[in-house]
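Those protein sequence lines, which keep their order, are chains H and B.
Under the working numbering, the first residue of the first sequence is numbered 853, with each subsequent residue one higher.
Under the working numbering, the first residue of the second sequence is numbered 4, with each subsequent residue one higher.
Check each hint, because a few of them may be wrong.
Claimed, not checked - Partner residues aside, some chain B positions facing chain H, computed with beta carbon under 8 Å:
#1 Pro-77
#2 Asp-92
#3 Asp-107
#4 Asn-159
#5 Gly-162
Unchecked claim - Below, in silico cross-link-like pairs of lysine-lysine (DSSO-like), each with a Cα-Cα straight-line distance of 30 Å or less:
#6 B/Lys-245 <-> H/Lys-1179
#7 B/Lys-175 <-> H/Lys-1111
#8 B/Lys-175 <-> B/Lys-201
#9 B/Lys-240 <-> H/Lys-1244
#10 H/Lys-1179 <-> B/Lys-175
#11 B/Lys-175 <-> B/Lys-245
#12 B/Lys-262 <-> H/Lys-1111
#13 H/Lys-1179 <-> B/Lys-70
#14 B/Lys-175 <-> H/Lys-1247
#15 H/Lys-1215 <-> B/Lys-262
#16 B/Lys-234 <-> H/Lys-1215
#17 B/Lys-121 <-> H/Lys-1215
#18 B/Lys-240 <-> H/Lys-1215
Said to hold, decoys possible - Distance windows between CB atoms, simulated:
#19 B/Ile-52 <-> H/Phe-956: 50 to 56 Å
#20 B/Lys-253 <-> H/Ile-1059: 30 to 36 Å
#21 H/Tyr-1233 <-> B/Lys-253: 51 to 57 Å
#22 B/Asp-79 <-> H/Leu-1153: 31 to 37 Å
#23 H/Ser-1147 <-> B/Lys-245: 33 to 39 Å
#24 H/Asn-1198 <-> B/Glu-48: 55 to 61 Å
#25 B/Asp-79 <-> H/Ile-1155: 53 to 59 Å
#26 H/Asp-1009 <-> B/Glu-66: 51 to 57 Å
Rather than coming from a laboratory, the hints here were simulated on the basis of the structure.
Only a predicted model underlies this, so the values are computations on that prediction, with no experimental measurement involved.
From the three backbone atoms N, C-alpha and C, an ideal C-beta is built for every residue, glycine too.
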Amino acid sequence: MIRLIQLYLIYTFIIATLLSSSRALSFEYNLYGSIQPEYSLFTNGDGRHNQSREKPSILGTANFTTFIQDDNAKISISALSRYDREDHNRTYFDFQKLKYEYYFDDATIKLGNEIVFWGVNESFHLVDIINQSNLSENLSGTKKLGQPMIAVSLYRDFGDVDFYILPYFREQIFPGANGRPRLKLEIDENSISYESSKAEKHTDFAIRYSTMIDDFDIGFYHFYGNSRNPKLSINQSSLKLDQYYPLLSQTGIDIQATKDAWLYKLEVIFAELMSEQYFSAAGGFEYTYYGFNNSSQDLGLIIEYLFDDRNDQPFNNEGSIGIRWTKNDINSTTLLAGSIVDLDGNSNQFFIEYEQRLKNDFKIFIESIISGSIDSSDYNYAFKDDSNFKIKIAKYF
Amino acid sequence: MLKKLFTFIFILLLPSFSLAETPEEKGKNIAKKSYENTRGFVDSESDQIMILIDPQGNKVEREISGKTLENLDPDDGDRSITYFNKPKDVEGTVMLSHTHVNEDDDQWLYLPALGRVKRISSSNKSGSFMGSEIAFEDFSGLDYRKYNWKFIGEENYQGELQSKIESYPKDKNSGYSKRVGLTDSLFRASKIDYYDRKGQLLKTIFFEDYKLYNDKIWNADTFRVVNHQNKNTTILKWINRKLNVGLNKKDFEKSSLQKLSN
Chain H
853 MIRLIQLYLI
863 YTFIIATLLS
873 SSRALSFEYN
883 LYGSIQPEYS
893 LFTNGDGRHN
903 QSREKPSILG
913 TANFTTFIQD
923 DNAKISISAL
933 SRYDREDHNR
943 TYFDFQKLKY
953 EYYFDDATIK
963 LGNEIVFWGV
973 NESFHLVDII
983 NQSNLSENLS
993 GTKKLGQPMI
1003 AVSLYRDFGD
1013 VDFYILPYFR
1023 EQIFPGANGR
1033 PRLKLEIDEN
1043 SISYESSKAE
1053 KHTDFAIRYS
1063 TMIDDFDIGF
1073 YHFYGNSRNP
1083 KLSINQSSLK
1093 LDQYYPLLSQ
1103 TGIDIQATKD
1113 AWLYKLEVIF
1123 AELMSEQYFS
1133 AAGGFEYTYY
1143 GFNNSSQDLG
1153 LIIEYLFDDR
1163 NDQPFNNEGS
1173 IGIRWTKNDI
1183 NSTTLLAGSI
1193 VDLDGNSNQF
1203 FIEYEQRLKN
1213 DFKIFIESII
1223 SGSIDSSDYN
1233 YAFKDDSNFK
1243 IKIAKYF
Chain B
4 MLKKLFTFIF
14 ILLLPSFSLA
24 ETPEEKGKNI
34 AKKSYENTRG
44 FVDSESDQIM
54 ILIDPQGNKV
64 EREISGKTLE
74 NLDPDDGDRS
84 ITYFNKPKDV
94 EGTVMLSHTH
104 VNEDDDQWLY
114 LPALGRVKRI
124 SSSNKSGSFM
134 GSEIAFEDFS
144 GLDYRKYNWK
154 FIGEENYQGE
164 LQSKIESYPK
174 DKNSGYSKRV
184 GLTDSLFRAS
194 KIDYYDRKGQ
204 LLKTIFFEDY
214 KLYNDKIWNA
224 DTFRVVNHQN
234 KNTTILKWIN
244 RKLNVGLNKK
254 DFEKSSLQKL
264 SN
């Protein structure tokens, strides 16, 4: 934690120095953000760990960008802060971005916190690896923590090559004891160990090559460093879950083919973790029927499949199906509904996400996750009684 | 003697035969001149304000800004970058388009909160641009290469006799069956009526506030779109338009999207 504070102080110092060196007269910047109160209601009453049936929370976001050094460089700050009444782990502050970038003619150097997304899938984000997930936000891991990095990108005729040096590792944030949904057993926040003797100070690195050939967008990378997902094991004395971060060596490929209204997607990883080698692939398609029923509305169908050759993984043979309705109206109304199905058993889960803009820079989001039938052996069994509805109203400024 | 007479008559008629354009050729030639009127800008940048007005008169504003890189290749299209500033919930989003004449455009979106660059389908020709009455395909609506044309006569409009031209989209994904437009003596489009796939009159775009840029390029700085079916109106205004500003060509690549986002 102290190390983290030191890092941020260094960033702040660098940024302050750069800001003061830019000409004060031409100082232009962009500042925007939002406030997003939300309220979740769990339909099965109080949780099996005595969590409340209600979960009120509020999120604030702030973004600042400015171009300096004759527009050859940019400073970006994106901060998130949430207060959650029930879950202490979900009350946090994070610099998603806190970075300085310098743009050369065919290269970019980046220093600081950044969010980097790799991949093409909607449901199964297999190749995405740079940023740590904040599972207190959602268990699917789509919400990330800013990753400190030094990155260099080279732009060549044959494609782009990005080098990432990741000097500091961020531990996964799990839902707290009062968090909902949460795992059956409590996570022991004080029992964290690493394979690397340098622990969170292990310097992780990644190299990625990406290019575009006609209708294909292709990416290829290798990562070596602390695994973003800890191995959890029951501590027989505390009866809590200990966290262990092994070193991971992973090669990934992501491909999207864009053919008219069809998007074909594939993500593949080959990995080595604790001297076990494994392979996983996820892919599918997205088809959009534009202007269906002679209206200006669109209807999309998304089908994806995930395979993992490790049998002990909770997600090794899963399917997902989703339907996205885009009204294309003034309020940008969209509805996404679907299901994730474990093809090995009879377990499934349903989700609905609705959003539309309201007046005066307000936007409303309604989300629901509903447990279907869940086998007692399924990973999701711990969340069986956590079906919920969430309403969120965001005000943008 | 007779042979000579025929030859004489033939020679006499020859120029008129070769000069006699078919209505299709005449329509295409006018459309081509009209298009070429807007070319030669090298690159451009501008801010755009869009006002969406419903039949009750309620107004909503959108703000975007954009950059375009001209491509003089007769078989390919321009590249453009669009920044979304308003509505505020999409602020920081950037779209990159590599347009093509004979195939679908390539389009990418940068979503800043997710740090994600997403390749999107561009088959959505007839889709609404940001909830307005302007369809994506309307932005390339003056590119003569994307339509078949037919001159159908002249009509008095705004105090002068203007050429009336029909056009039929070549793209099978177009939302229109045909368009009927008027072009003035300076080869500037004045207005175009759009007919939907069923042949019903859908909307009219009025091209207004023409301004001569860099002493040679005519640009309409206002598009006023009236939808005859749902009675909505959209006004799209270009402000601070600058041509030939010396933009960096490398900015119009997928890898620059993150840099461009503010």
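Here is how each hint holds up against the structure:
1. Pro-77: Not OK, violated: B/Pro-77 not within 8 Å of chain H, min 20 Å.
2. Asp-92: Since the shortest Cβ distance to chain H is 5 Å, the answer is holds.
3. Asp-107: Holds, about 7 Å.
4. Asn-159: At 34 Å from the nearest chain H Cβ, B/Asn-159 fails the 8 Å test, so the hint is violated.
5. Gly-162: 36 Å, violated
6. B/Lys-245 <-> H/Lys-1179: Violated: B/Lys-245 and H/Lys-1179 sit about 34 Å apart, past 30 Å.
7. B/Lys-175 <-> H/Lys-1111: Cα-Cα ~15 Å, so holds.
8. B/Lys-175 <-> B/Lys-201: 14 Å, holds
9. B/Lys-240 <-> H/Lys-1244: 34 Å, violated
10. H/Lys-1179 <-> B/Lys-175: Within the cut-off at roughly 22 Å; holds.
11. B/Lys-175 <-> B/Lys-245: Status violated; Cα separation ~34 Å.
12. B/Lys-262 <-> H/Lys-1111: 27 Å, holds
13. H/Lys-1179 <-> B/Lys-70: 28 Å, holds
14. B/Lys-175 <-> H/Lys-1247: With a Cα-Cα distance of about 41 Å, the restraint between B/Lys-175 and H/Lys-1247 is violated, given a limit of 30 Å.
15. H/Lys-1215 <-> B/Lys-262: 27 Å, holds
16. B/Lys-234 <-> H/Lys-1215: Given that 30 Å is the threshold and the Cα spacing comes to 25 Å, the pair holds.
17. B/Lys-121 <-> H/Lys-1215: Since the Cα atoms of B/Lys-121 and H/Lys-1215 sit roughly 23 Å apart, the hinted pair holds (cutoff 30 Å).
18. B/Lys-240 <-> H/Lys-1215: Given that 30 Å is the threshold and the Cα spacing comes to 26 Å, the pair holds.
19. B/Ile-52 <-> H/Phe-956: 50 to 56 Å: 35 Å, violated
20. B/Lys-253 <-> H/Ile-1059: 30 to 36 Å: 22 Å, violated
21. H/Tyr-1233 <-> B/Lys-253: 51 to 57 Å: 52 Å, holds
22. B/Asp-79 <-> H/Leu-1153: 31 to 37 Å: 32 Å, holds
23. H/Ser-1147 <-> B/Lys-245: 33 to 39 Å: 38 Å, holds
24. H/Asn-1198 <-> B/Glu-48: 55 to 61 Å: 57 Å, holds
25. B/Asp-79 <-> H/Ile-1155: 53 to 59 Å: Because 34 Å falls outside the window, the suggested range is violated.
26. H/Asp-1009 <-> B/Glu-66: 51 to 57 Å: The hinted range 51 to 57 Å is violated for H/Asp-1009 and B/Glu-66, with Cβ atoms some 36 Å apart.
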